[in-house]
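Based on the provided sequences and hints, a complete structural model is requested.
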Amino acid sequence: MLRALLPFIVVLPSLAYSLISLACARRFFAATPPRSPEAPAITILKPVKGMDAGSYENFASFCRQEYAGPVQLLFAAASADDPVIPVIRRLMEEFGDDRVSLVVNPAIHGPNYKVSNLINAFPQARHDIVIVCDSDIRVPADYLKNVTAHFSDPQVGLVTSLYRTSSAPTMATAIEALGFTSEMIPNVLVALHLEGLSFALGASMAVRREALAAIGGFEALVDYLADDYQLGNKVHRAGWRIALDGTFVESMLKAEEVLPVLARQLRWARTMRVSRPGGYLASGITLPFPALLLAAFLAPSPAPALAAIALLYGVRLAVTTAFSRRFVRDRLLPAWLWLIPVRDMLAFFTWALSFLGNRVEWRGSRFRLRPGGKIEELA
Numbered sequence: 015m016l017r018a019l020l021p022f023i024v025v026l027p028s029l030a031y032s033l034i035s036l037a038c039a040r041r042f043f044a045a046t047p048p049r050s051p052e053a054p055a056i057t058i059l060k061p062v063k064g065m066d067a068g069s070y071e072n073f074a075s076f077c078r079q080e081y082a083g084p085v086q087l088l089f090a091a092a093s094a095d096d097p098v099i100p101v102i103r104r105l106m107e108e109f110g111d112d113r114v115s116l117v118v119n120p121a122i123h124g125p126n127y128k129v130s131n132l133i134n135a136f137p138q139a140r141h142d143i144v145i146v147c148d149s150d151i152r153v154p155a156d157y158l159k160n161v162t163a164h165f166s167d168p169q170v171g172l173v174t175s176l177y178r179t180s181s182a183p184t185m186a187t188a189i190e191a192l193g194f195t196s197e198m199i200p201n202v203l204v205a206l207h208l209e210g211l212s213f214a215l216g217a218s219m220a221v222r223r224e225a226l227a228a229i230g231g232f233e234a235l236v237d238y239l240a241d242d243y244q245l246g247n248k249v250h251r252a253g254w255r256i257a258l259d260g261t262f263v264e265s266m267l268k269a270e271e272v273l274p275v276l277a278r279q280l281r282w283a284r285t286m287r288v289s290r291p292g293g294y295l296a297s298g299i300t301l302p303f304p305a306l307l308l309a310a311f312l313a314p315s316p317a318p319a320l321a322a323i324a325l326l327y328g329v330r331l332a333v334t335t336a337f338s339r340r341f342v343r344d345r346l347l348p349a350w351l352w353l354i355p356v357r358d359m360l361a362f363f364t365w366a367l368s369f370l371g372n373r374v375e376w377r378g379s380r381f382r383l384r385p386g387g388k389i390e391e392l393a
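Following the numbering used here, the numbering of the sequence shown begins with 15 at its first residue and continues without gaps.
There could be a bad hint or two in this list.
What the hints assert, rightly or not - The following label-pair restraints were derived from C-beta to C-beta distances: (1) P100 <-> E224: 30 to 38 Å; (2) D167 <-> R340: 24 to 32 Å; (3) R340 <-> A155: 19 to 27 Å; (4) P355 <-> P47: 21 to 29 Å; (5) Q169 <-> Q138: 22 to 30 Å; (6) W352 <-> P274: 37 to 45 Å.
The set of hints was computed from the structure by calculation and includes no laboratory data.
Positions of the beta carbon are idealized from the N, C-alpha and C atoms, including for glycine.
Now the structure itself:
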């Protein structure tokens, strides 16, 4: 009897985690979002390097906000020859150089060049709410209104936002986009409800100037690869609360082949392993693919193995579909539903491979990861 039950026992952690994440999502999205009559002045800091998919529309979405307060959009580049500079100049002409400005400064302050750009531009930031957004992010018209409402609570030092991708031009892009829906978003919501947020998501981070100063400014992040995680974690440890906004921002992914996507996934995995070693190791227990392998290996015959796997993926596909259709609304499912088991397999191998090395590639440079998440550039 015990041997017959073993396949069902080994899939229980993954099953339970799927259901817990669904309950956390229902609770989060059912909550009434904060509203505030105030519209504090905002500086949006946007480090750039090269062109992204739809760069002009990505940037312009921050200029077309339904927002009553003053907004400064401040771009930070390291080279005047960067191909994205003409796009920024067009924005300055269309929306006014009093709202849109550019700092070009090649000064390097540490191995994280993106953070170096932020350090170089920050002296030009005029306002006390500073938003850092990746260059490939596009936002809805009510983004600023929703994000800034959280600052009506004086204990909130940082507000971060969930992100999604609603367009998958290639299978490789769909693999990455499904990771947001099936892994990242559920993980964030479970963390929020079980322990509260102690990290930020790099797609969108709004921080009080006072909270940023309390951690030593952007200079405190320049030696880390996961600057988003470190910004949130340092603000949290400085005694501020981190709020999660329910307005999705859109990550505009380029059409790519599988190998670049997998390399990026491995970089993220290794970065999180050194940043949160205990939690990252424990996350392997909830991964569906190793549970599938164990169920097949431990079953006394094919019938209980197939039954356990069918139960596991029946729940897995139903929960992921609920996330995609009801909560995330990314329009990825059901068209890409067949790719979920493939995504799960790749997620497991990425998790396992993250323990086999400390080297990563990022924007054409190679780095060695140090304990705690610091990086050292390799020649």
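Run the structure past the numbered hints and jot down the numbers of the failing ones, going up. Hints 4 and 6 contradicted; others consistent.
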